[in-house]
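Visitor: Sequence:
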Amino acid sequence: MLSCKLILYGKRSLKHLRSATDFKSYRSASNSSSSSGNKEKMSNKIYTQKRIIKRDRLLGSIKPFINEKCDTPESNVIAYYLCKLLNLQILKNAYENIGCKVLYKEPYLYVESCEYFNQQDSSGVFFKNGCVVIWNMKKNNITKFLHFCKSHININETIETYDFEELEVQNVNNKSYVNNSIIYLSSNNYRTTDKISFSFGLLSAVRLNNLEKKIENKLLLENNNIEILKKKIKSTNLDLLSKQLFTSKITLHNLRYELNIEQDILDVPEALWELEYQKKLFLNILNIFDIKQRVDLLNHRLTWTFDYLNSFLDYVNQKHSSRLERIIIIIIGLELMLGVMQMINTVGFVSLQ
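Note that the sequence shown ends on residue 353 in full-length UniProt numbering; no numbers are left out.
Everything labelled a hint here was simulated from the structure, so no lab data went into it. Among the hints, a few may not be true.
Cross-link-like lysine-lysine pairs, in silico, DSS-like; alpha carbons within 25 Å at most [unchecked claim]:
{"#": "1", "residue 1": "K214", "residue 2": "K84"}
{"#": "2", "residue 1": "K231", "residue 2": "K218"}
{"#": "3", "residue 1": "K279", "residue 2": "K128"}
{"#": "4", "residue 1": "K319", "residue 2": "K231"}
{"#": "5", "residue 1": "K92", "residue 2": "K144"}
{"#": "6", "residue 1": "K128", "residue 2": "K138"}
{"#": "7", "residue 1": "K249", "residue 2": "K279"}
Take the sequences, apply the hints, and build the full model.
Guide: Encoded structure:
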């Protein structure tokens, strides 16, 4: 009887132990699921915050200078290519000293107009490689704006002598966009960032204008040189002719390098890599000026001239080889004649003996 009671008591204890174990495992599972849920919520919250921060990132924001006593803004933007490197740090200090608000981040310097230039709601964007983009400024104030730092830029008296591009600009309350070659510029916090993005596109346009003229002049000169070399093809100095052709090929190589690598005309600027919408604004400006098609056309012209020079150089090398072959044949003939003469002399000497 006692043994039966002990067995029954042991079974009840084991049952209670199992239920307690199940309860603990249930609590630990619920705690782990709740903690994983909290972690997931936290990660989602952090991810959302990161996305918001990335979406709201700006290159900078400078409020426009407004003074009713100053000249009203023009509805245009003009980009000039000055063909010389600019010291942005010196320009920054110069404009800050007269009260202009500036934003300096390599490779650009954004300068807002001030009372000194008698111009309101306008700005200029300077680029290190020698380009300046002027927004909403009257022509006489542009001259004053640039000649203020003439000692640092060393520009000509007449700004019109430089390569330039001009577009119409209209203000809008929503996002900036481009339509029918007109820039619709936002009035919100993105205004400064969008101006800089558009300015990068105008920079590519004026640089390509300058490079097109340079390449066209070089190609014209090289074609004239080829015509002159054609007349010299019958000359005896083929080595000099080959050297001139090699020099022309080096010139074309340098032009191709400058067009496709050094100038970075088609590349999206590093400052816009994380700004998807501003990247589209930059590409829209490139489309207005047909930048890609013009670069492809210049590459095609360079390739054609390069192939023509190669064909001409091959012909010169062939003539050079033919001349060497003739010289070798003559030398062999002379050696044979000398050998025959020596053999005749030997035979004659033997017969006399």
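Visitor: Decide, hint by hint, whether the structure agrees.
Guide: For each hint, the structure was consulted:
1. The suggested pairing of K214 with K84 holds, with an alpha-carbon distance near 15 Å, which does not exceed 25 Å.
2. At most 25 Å may separate the alpha-carbon atoms for a hinted pair to count; K231 and K218 meet this at roughly 20 Å.
3. The straight-line distance between the Cα atoms of K279 and K128 is roughly 20 Å, inside the 25 Å bound, and the hint therefore holds.
4. The hinted pair formed by K319 and K231 meets the criterion: a straight-line CA distance of about 14 Å does not exceed 25 Å.
5. Between K92 and K144 the alpha-carbon distance is near 16 Å, which keeps this suggested pair within the 25 Å criterion.
6. About 24 Å separates the Cα atoms of K128 and K138, which keeps this hinted pair within 25 Å; it holds.
7. Between K249 and K279, the direct Cα distance comes to roughly 36 Å. Violation of the 25 Å bound is thereby established for this hinted pair.
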